[in-house]
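Visitor: Based on the provided sequences and hints, a complete structural model is requested.
Each chain is listed here by its residues.
Number of protein chains: 2
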Amino acid sequence: MLKEIVLQEEPDEEVVQTKLQLEREKLAGYQNKLKEAGLPVMVIFEGWGAAGKGSVIGKVIKNIDPRFFKVTSMEVAPTKEEKRYPFMHRYMKVIPEAGKFAFFDTFWMKEVVTGVRNRSFDEKAYRKRIESINGTERSLHDNGYLIVKFFFEIDKKEQKKRLKALEEDKNAKWRVSASDVDENKNYEEYEKIYDRFLEDTNQPATPWYIIDAKKKKWALLQVLTYLNQAIDIALKNRAVASQILQNPYPLVSMPKLSDVTLDDKCITEEEYEVKLKALQKELGELHNKLYRKKIPVIIAYEGWDAAGKGGNIKRIAGALDPRGYEVIPIASPEPHEKARHFLWRFWNHIPKDGHIAIFDRTWYGRVMVERLEGFCSENDWQRAYHEINEFEKELTDWGAVVIKFWVQIDNKTQLERFTERQNTPEKQWKITDEDWRNREKWDQYEDAVNEMLQKTSTAFAPWRILESNDKKYARIKALEIVIDEIKKATKEKDRG
Amino acid sequence: MLKEIVLQEEPDEEVVQTKLQLEREKLAGYQNKLKEAGLPVMVIFEGWGAAGKGSVIGKVIKNIDPRFFKVTSMEVAPTKEEKRYPFMHRYMKVIPEAGKFAFFDTFWMKEVVTGVRNRSFDEKAYRKRIESINGTERSLHDNGYLIVKFFFEIDKKEQKKRLKALEEDKNAKWRVSASDVDENKNYEEYEKIYDRFLEDTNQPATPWYIIDAKKKKWALLQVLTYLNQAIDIALKNRAVASQILQNPYPLVSMPKLSDVTLDDKCITEEEYEVKLKALQKELGELHNKLYRKKIPVIIAYEGWDAAGKGGNIKRIAGALDPRGYEVIPIASPEPHEKARHFLWRFWNHIPKDGHIAIFDRTWYGRVMVERLEGFCSENDWQRAYHEINEFEKELTDWGAVVIKFWVQIDNKTQLERFTERQNTPEKQWKITDEDWRNREKWDQYEDAVNEMLQKTSTAFAPWRILESNDKKYARIKALEIVIDEIKKATKEKDRG
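Chains as they are written, first to last, in the numbering used here: chain A, 1 to 496; chain B, 1 to 496.
No wet-lab data here; the hints were simulated from the structure.
Predicted model only: the values in this text are computed from it and were never measured.
It is possible that part of the hints are untrue.
[As the list claims (entries may be wrong)] Derived coverage of chain A by chain B (criterion: at least 3 residues anywhere in the stretch with Cβ under 8 Å from a Cβ of chain B; other residues may be distant):
(1) 55-62
(2) 71-83
(3) 302-316
(4) 373-382
(5) 434-447
Positions of the beta carbon are idealized from the N, C-alpha and C atoms, including for glycine.
Guide: Put into structure tokens, the structure is as follows:
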């Protein structure tokens, strides 16, 4: 078992004391280097109840300036509100920004092991969460995060002794929770669950450090030593590229943009009016249905400038109950967003169950504008195809309907629309110098979009092309697709 | 009664139709002007259950580009988690940013009237909330927000009819809540509560518009007309300065900074070590106590550059359980923060009950750096003294302990510390060109600080000066004050 393999022998007390001093100074010296290197560090503390995690965290942070860290005490169970979001949501929300430490007093491990112990997770649910955790840890690591995970180990007898001592102390009594007592009573069962989790999530880039927590100072020394080692390695290896993963997801084949015909995709004004009305009515009714069935829907819009995204979104939104959807316009990231994993700001806008989120531009900026303007490294955007697929898998596994639209027009149509905007006073705000500059890079963008469509059109979240030389045609097509997908999802929910 | 006074007569259907078209176009035309003027607009919908608020909201937003608005459907009651924060917290979190609309499907009115009806608010609690709401509305207005409030009026018979129709419709049945039924059954009692609330919150700058909601189109026309009028006025009057309010709060007298003696405030190394240890132990124990008693504590640090704020905070933080406090370093605001009321970003960091928040620089930036660097208008910072007092009143009324430290050194000591930082490689990151530039403005800052100390040292949240030429003296004094204040609060809680 993992836990038995790695426990180290405790040195003499004198040695512990000397080494502690050294490690403390080392950690204090690192905070500035972290800041300069923009390295975000997540330190996760897990382990047995009463093993002394809190007290060690308290001692570790004494060596760090308060401006450089944050301690987050995660609740074991998500709140009622949090339960309306994907498993990963509340964890992704609290990741640190570049150059800072985040210390977590229990993290996703505690939620999962408790779920297993309470029998609220079956084997499939457990496996799914392990997959989410491993994927997220890898993705965070690849995006420059250092994740250091500690498991605090004490044996049954020691735990019993500590719980008893706490209970006998009037002032500390309240610290002993029902789950601590349960843990000690069923130590052997918990041990099996812990062991399995530790093995299932022990990854090369994010290994577990098992801490012998029988003595406080010795526990602190182990934590400081491992943490310093990990930081040292991370600071030295920042430039080393991570390996690009092969795509493990089923893909749907997509045409090249140049093969998409546009001028044959049109509709008469009359037909448009009739269909629009009928489809909006139908979508409105479906919205009600998915609200009651608690199905979340995510609609992602990408496309050329002036392709008609705004008007298209308006026709979808116009059919919906305003209390149940949100349009999220995505601009370039602000400093606090740039300082975190590129998907963080999108995690913050995931709808709750029964709600619809419409993204006006999306996380695909990573493989388009960020790629072409050099806002991220080649390695970053190459890796992003997989990271994005994984993100969307997380969402669809949770039960979300994910619909991705590429709004397509040809080069000539864009020029016409740009010119019209330029010449119409009320529309001038819609056109900027940047739009003209982007237009000059049309061919590069087309290559990037083609690659994106090929690599991220997964079976669970395929791209849909909206031919939009005729904007009305594109709107009707979008409505039809959205209706179709929601219908499928509500029917599946009926069956499931 | 307010509601009866303002109901208008309904015009012919044909007139309604023509006017509707005009008002719709007007609203569509405003969105861009709003953006240019940076005007944030809050539109609040309240009223009887089944009065058709949702359907009107749906029609209003059809005239606006989804990038320019957000609809928020507030829950009537705060969640368990939200209850751990002040009343105003969940409302302040969702205020819109400059240039955008926020539509609210019920807001604070609904929470308050429900509280009154359920007898969960007594008269005092009701009055307190009215005061909070009126103060917040005034402060939002004065900071450039347009707040438009609608109350949807239908009579008892009409409501009964609508509820019945909904209940008979298989697909709409779920929309009828228990509180809707209760409302209709006890219409007269609710009417009294509503009326009183409307009158109590009917302010010159944020009046109520009572909407005759018996017919849908007519209701929509009233809403659009009032909304357009209000926007029109707000756009025209943006430059007009708001009146500066007199201070209604009891003040504590403060010395001028030049009268604070510093060199006599010192402590020996030995005394420091002994006291530090004892005080930190005591504070640690108190932290436990306030956690159990659910008392929130807010500690605010301001002071000269190099005065020793960081080290002082560290000594407080070092005594605390890391799971129960957070240090919040305040830098210059990011774009999304600048686009909102200046207190918004601080509302986002209010601790929950039982927790401690330590602010390293604070909302007082408004009357120091923002004032002196011209980041806000004179009217803005003049008004801010009152707005800040009101904010802190809100926090202390909620039960928070608010401790504000001014860390004081003299000009000579700052120069010595700056020079030392400059000459010590490990400390160089702490000193920037900006620090030197600010130093040149010492006298202006001193004047601003003196004014701030005079005007915001309220009885409920007085300033405390930490003489910090001797940093150790200042640390001990800070610990003593924090301990004292927490002790007082826990004793009061015992009594109350």
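Visitor: Tell me the numbers of any earlier hints that the structure contravenes, in ascending order.
Guide: When the structure is compared with the hints, numbers 4, 5 turn out to be violated.
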